[in-house]
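Novice: Top line first, the protein sequences correspond to chains A and B. For the first sequence, the working numbering gives the first residue as 1, with consecutive numbering after it. For the second sequence, the working numbering gives the first residue as 1001, with consecutive numbering after it.
In case anyone wonders, no lab produced these hints; they're calculated from the structure. Given the structure is predicted, the values throughout are model-derived calculations rather than measurements. Ideal Cβ placement from N, Cα and C applies to all residues, glycine included. Among these hints, one or two may not hold up.
To give an idea of the interface, some chain A residues facing chain B are shown, with a C-beta separation under 8 Å as derived from the structure [what the hints assert, rightly or not]:
| hint | residue |
| --- | --- |
| 1 | T21 |
| 2 | T134 |
| 3 | P138 |
| 4 | G144 |
| 5 | A147 |
| 6 | A150 |
| 7 | A153 |
| 8 | Q157 |
| 9 | A158 |
| 10 | Y163 |
| 11 | L165 |
| 12 | S205 |
| 13 | L249 |
| 14 | S250 |
| 15 | M253 |
| 16 | R301 |
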Amino acid sequence: MKAAVVGTGAVACKRWYGERTAHELSLEVIRLALHDAHLLPRDIDGLYTTQIGWFAPQEKFLAQRMAETLGCRTNAQLEAECGGASALVAFRRAVDDVEQGRVNAALVWAADVELPRKNLDVTRHLHIIEQARTFYGPYAAAYGVVAVVALYAMSAQAYMHRYGLSPEQVAGLVVMLRGHGTRHPLAFLREEVTVEDVLASRMVSPPLHMLECAPWCDGAAAVVVTRDSTGVGVTTIAEAHDATSFAPLSGNMWTYDNARRAANEAYGKAGIGASDIDVAEVYGAFGVTELQLYEELGFARPGEAAALVRDGRMTYGGHLVVNPSGGRIAFGHPPYATPLYELVEVVEQLRGRAHGRQVQRARLGLVHAEHGMVNGSVVAILNAA
Amino acid sequence: MTLIEPPDNAARQFFEHLGQHRLMTTRCRSCGTLHYPPRVWCPNCLADDLEWIELSGRGQLAAFSTQEQGLRFSAPDVLGLVDLEEGVRILSLIAATYEQLRVGQPVSVEFFEVQPGEVLHRFRPAR
Chain A
1 MKAAVVGTGA VACKRWYGER TAHELSLEVI RLALHDAHLL PRDIDGLYTT QIGWFAPQEK
61 FLAQRMAETL GCRTNAQLEA ECGGASALVA FRRAVDDVEQ GRVNAALVWA ADVELPRKNL
121 DVTRHLHIIE QARTFYGPYA AAYGVVAVVA LYAMSAQAYM HRYGLSPEQV AGLVVMLRGH
181 GTRHPLAFLR EEVTVEDVLA SRMVSPPLHM LECAPWCDGA AAVVVTRDST GVGVTTIAEA
241 HDATSFAPLS GNMWTYDNAR RAANEAYGKA GIGASDIDVA EVYGAFGVTE LQLYEELGFA
301 RPGEAAALVR DGRMTYGGHL VVNPSGGRIA FGHPPYATPL YELVEVVEQL RGRAHGRQVQ
361 RARLGLVHAE HGMVNGSVVA ILNAA
Chain B
1001 MTLIEPPDNA ARQFFEHLGQ HRLMTTRCRS CGTLHYPPRV WCPNCLADDL EWIELSGRGQ
1061 LAAFSTQEQG LRFSAPDVLG LVDLEEGVRI LSLIAATYEQ LRVGQPVSVE FFEVQPGEVL
1121 HRFRPAR
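Chain A with its partners taken away, still in its complex shape (with noise of 0.2 Å):
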């Protein structure tokens, strides 16, 4: 019998400087969740999650200390570990268990805690450093690559020099996600913005400026799934990942071939198309990157997603609503809890609960993460009950 999503939990993505732990969170997000399914503690028997930031320090049985806390004896339990998309792989087990009869009601969350303190100077902090140079390698390590977006950039700039992309035209996603965050009330960014305003913010690494880089945010959210059809239900979920880890040393520098084959095999399974998609959340760190994917996934021809955000095809009004929550860039991206809130957007717009900011009609929904450089995706379809 196919898994439904039962209830939601969120917390507002925001930097917490350490204002609130990620086991406080999490049990907001959790008591918020098992509410809105009308489950107890008492009722769960699986649980996922994931760890707790990109920076926390490692930890170990965060599943099982939940268990104790909540007082739940489970039939199965994982934390999943798959870079930024680590929540949607959980989400995907624990459907699997759900369907499989092995657990009959399945709890969900994350919670990310990246910014621990105000003015945090990282080079105090030895294991963040270490951390971050052993994601890389030692091949990108020797040139002292800590951070991830001057290898998104240059699969921009390849995306853009392929297709004869200007500034002008790809800044015009970050002003569409802008004004989608102004309707979010758990957004980290709220106002809108021009593509004066996107050009003249700092370059960061070219051709990505920081307005068109997602901020890293604390958050924490949660979801329950059971065999309730009265729950939006998880059509399917597909994953893919590619021979790479961060930057791509094999392929042309401007596609990302996992997004598509996990798209292709989630919309084989559903037996739809990428047109038949009323609402999607799509995970783009960087607004190029958001671009790539959205042609990636089909709801554009290859080079032309910037024109149909131009044209108003991603938002109100057009063929789909992209990242109503805002997306990472206005949304705010906390990684390991991001793939859950993207979950969560699409579920309460499948449900007509997306007060101030519902796509009208939204039947079948779609939900994308990814993980690394896009190394990796998972591609997530659900329906409306």
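Let chain A serve as the given structure and place chain B on it in line with the hints.
Specialist: Chain B only, in chain A's frame:
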């Protein structure tokens, strides 16, 4: 600051070869597959009989950008991905300003000492 500990013997030898100003990688003696980064056994055929061969160091700039938070070099350092003549792609430092570069530009390798005993490759626009 020193390098992270190389995770395998292939990485260790790669950096030792750089110390001799040689850009080298592994090729499988059994099936002929050229690897980059170098491997300890061949993912194409499982053979562990690999030879080290010297790369030409000539290629084209597939893409480039700058990083402002790099830990080793004065910001902004220019990073690029270079498609070598042999058909492998390599991440490196580019010895030019961002404005001097264009996609597809021919570049060639050179070597520089980061600190005593540590040599790295970087690429410079070909003359």
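Novice: State for each hint whether it applies.
Specialist: Each hint tested on the structure:
Taking 8 Å as the C-beta contact cut-off toward chain B, the hint placing T21 (chain A) at the interface is violated, the least distance being around 27 Å. At about 6 Å, the closest approach between the beta carbon of T134 (chain A) and any beta carbon in chain B falls short of 8 Å, and the interface hint on this residue holds. About 5 Å separates the beta-carbon of P138 (chain A) from the nearest beta-carbon of chain B, less than 8 Å, and the hint is met. For G144 (chain A), the interface hint holds, the least distance from its beta-carbon to any beta-carbon of chain B being 3 Å, beneath 8 Å.
For A147 (chain A), the suggested interface contact is upheld, since its CB lies about 5 Å from the closest CB of chain B, less than 8 Å. Hint on A150 (chain A) holds. Least Cβ distance to chain B is approximately 4 Å, under the 8 Å limit. With a least beta-carbon distance of about 4 Å to chain B, the hint placing A153 (chain A) at the interface is held under the 8 Å criterion. Because the closest C-beta pair between Q157 (chain A) and chain B is about 5 Å apart, less than 8 Å, the hint holds.
Evaluation of the A158 (chain A) hint against chain B yields a held restraint, the C-beta minimum of about 5 Å falling below 8 Å. For Y163 (chain A), the suggested interface contact is broken, since its CB lies about 12 Å from the closest CB of chain B, more than 8 Å. For L165 (chain A), the suggested interface contact is broken, since its CB lies about 13 Å from the closest CB of chain B, more than 8 Å. Given the 8 Å rule on beta carbons, the hint for S205 (chain A) holds: about 5 Å separates it from the nearest Cβ of chain B.
With its C-beta approaching chain B no nearer than about 5 Å, L249 (chain A) sits inside the 8 Å limit, and its interface hint holds. Satisfaction of the interface hint for S250 (chain A) is found here, the shortest Cβ-Cβ separation to chain B being roughly 7 Å, below the 8 Å cut-off. The beta carbon of M253 (chain A) is positioned within 8 Å of a beta carbon in chain B (closest approach about 5 Å), and the interface hint is therefore held. Checking R301 (chain A) against chain B: minimum C-beta separation of about 22 Å lies over 8 Å; hint violated.
In this structure, the earlier hints numbered 1, 10, 11 and 16 are contradicted, and the remaining ones agree with it.
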